[in-house]
Amino acid sequence: MDRDTLYQRAAQRFGAALARLACGYEADRELARDLEQEMHVALWRSLENFRGEAELSTWVWRVAHNIGAKHVQSATRQKRHAPLVPIEDIELASPQAGPETQTDTALTLERLYGLIHALRPLDRQVMLLYLEDLEAGSIAEITGLSPGSVATRIHRIKTALAAQFETGEAP
Amino acid sequence: MSQTPKGAEPRRPQNVWKEQDMQARSFTPDVLARNAAGLDAHIRRRNIFEYLAAGAVIVFCLVISAMMVAGGVAGFADGMVLAGTLTLAAGCAIVIWQMHARTGQPRASSGEEATLASMRSELVRQRDALRKVWIWYLLPFAPGLFLIYGADLFRPEGNIALSSGLLAGTLGLAVFICWLNLLAARRMDAEIKKIDAEREG
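Line order of the protein sequences matches chains A and B. Residue numbers 57 to 227, in the numbering used here, belong to the letters of the first sequence in order. Residue numbers 6 to 206, in the numbering used here, belong to the letters of the second sequence in order.
It is worth saying that the hints were derived from the structure and are not from the lab. Yeah, the Cβ is synthetic: ideal placement off N, Cα and C, and Gly gets one too. Just so you know, not all the hints are guaranteed correct.
What the hints assert, rightly or not - Among the chain A residues that face chain B by a calculated CB cut under 8 angstroms, a handful are:
#: 1; residue: His-96
#: 2; residue: Asn-122
#: 3; residue: Arg-136
Stated by the list, open to error - Simulated DEER-style distance windows between Cβ atoms:
#: 4; chain 1: A; residue 1: Ala-138; chain 2: B; residue 2: Leu-188; range: 17 to 25 angstroms
#: 5; chain 1: B; residue 1: Gly-177; chain 2: A; residue 2: Ala-207; range: 49 to 57 angstroms
#: 6; chain 1: A; residue 1: Glu-109; chain 2: B; residue 2: Thr-175; range: 28 to 36 angstroms
Throw the hints in and build the complete structure from the sequences for me.
Take a look at the structure:
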């Protein structure tokens with residue numbers, strides 16, 4: 057299969073996920089659109105070397121997260137955001153709103169983005185992949201973290217999400 | 006704005022995340038190729054000031070050399086200065102070539118490696134380039150500068166104090182640049198060690 061066909065297939069399957077991912081790596085919506093485009097270009101370029109050794113999905117996530125992580129590192133160097141923290145050091149906002157607003161989608165998303173944008177790139181990768189409903193094994197394969205390390209991070213993420221959104225998920 | 010009714014179970018964050026109103030974008034190969042070329046051009050333009058500064062030094066050195074040759078090189082000291090300006094021009098060209106080779110080419114992202122391995126190899130590449138700054142960024146200037154400063158030793162009216170002062174100042178600046186780069190390399194080394202620890206779990 058040629059590169060263009062592979063790209064079209066990947067864009068069709070992962071286009072929306074790439075848009076979400078770009079917003080997870082960049083808070084400014086205009087810059088996030090540029091980042092999303094950069095991810096598409098990187099993906100299209102990289103597919104020249106795709107030989108099917110890895111799943112297409114693994115390939116797409118890796119390329120996109122590499123671009124996202126580079127973007128965060130560059131923003132960190134330019135001091136465009138507050139210092140990033142590991143998931144265990146995240147400061148959780150205490151839920152102050154009433155039960156109606158706590159379940160409001162827009163507020164949930166706003167808090168979710170607040171949490172994501174405070175995380176350093178590695179924890180952010182795990183968080184974003186977890187939110188895309190990927191299994192721990194797939195996350196380990198994409199990131200190169202040991203399965204134990206992924207499990208620990210997911211546990212912390214679940215705790216943070218449960219505290220923030222009262223999801224009832226077992227920590 | 007959608008709300009969950011009172012008493013209802015809050016939605017899973019994964020569902021909230023995935024059901025965001027996001028428009029999936031897809032680009033034609035033409036647009037992608039054009040954007041890729043634009044990104045490459047941007048990377049090439051990143052070092053434009055360094056290229057312009059080095060170009061100005063090369064032109065200046067060549068003009069001085071031409072004027073010296075036209076005026077006639079009288080004595081060993083003048084010969085040293087002429088050799089020095091030409092060597093300095095060559096040194097500038099080497100630095101620009103090295104800068105272009107090390108930082109001017111876009112590095113394609115690949116899906117072959119896990120993201121941590123990719124981050125690690127990029128950090129290793131940058132750390133090694135910083136550690137070797139003295140070889141590829143500073144050393145090429147040394148022969149030309151030594152010849153120009155050293156010429157005063159062979160002039161009867163040479164101001165050795167001034168030449169020595171300039172040499173000491175230049176060496177001091179070179180050491181300072183090396184130290185700054187080694188400091189940055191050490192920070193990257195610490196990040197590489199953190200990544201290694203993460204991979205081992």
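So, going through the hints one by one against the coordinates:
| no. | hint | in the structure |
| --- | --- | --- |
| 1 | His-96 | holds (5 angstroms) |
| 2 | Asn-122 | holds (5 angstroms) |
| 3 | Arg-136 | violated (18 angstroms) |
| 4 | A:Ala-138 - B:Leu-188: 17 to 25 angstroms | holds (24 angstroms) |
| 5 | B:Gly-177 - A:Ala-207: 49 to 57 angstroms | holds (53 angstroms) |
| 6 | A:Glu-109 - B:Thr-175: 28 to 36 angstroms | violated (52 angstroms) |
Checked against the numbered hints above, the structure violates hints 3, 6; every other hint is satisfied.
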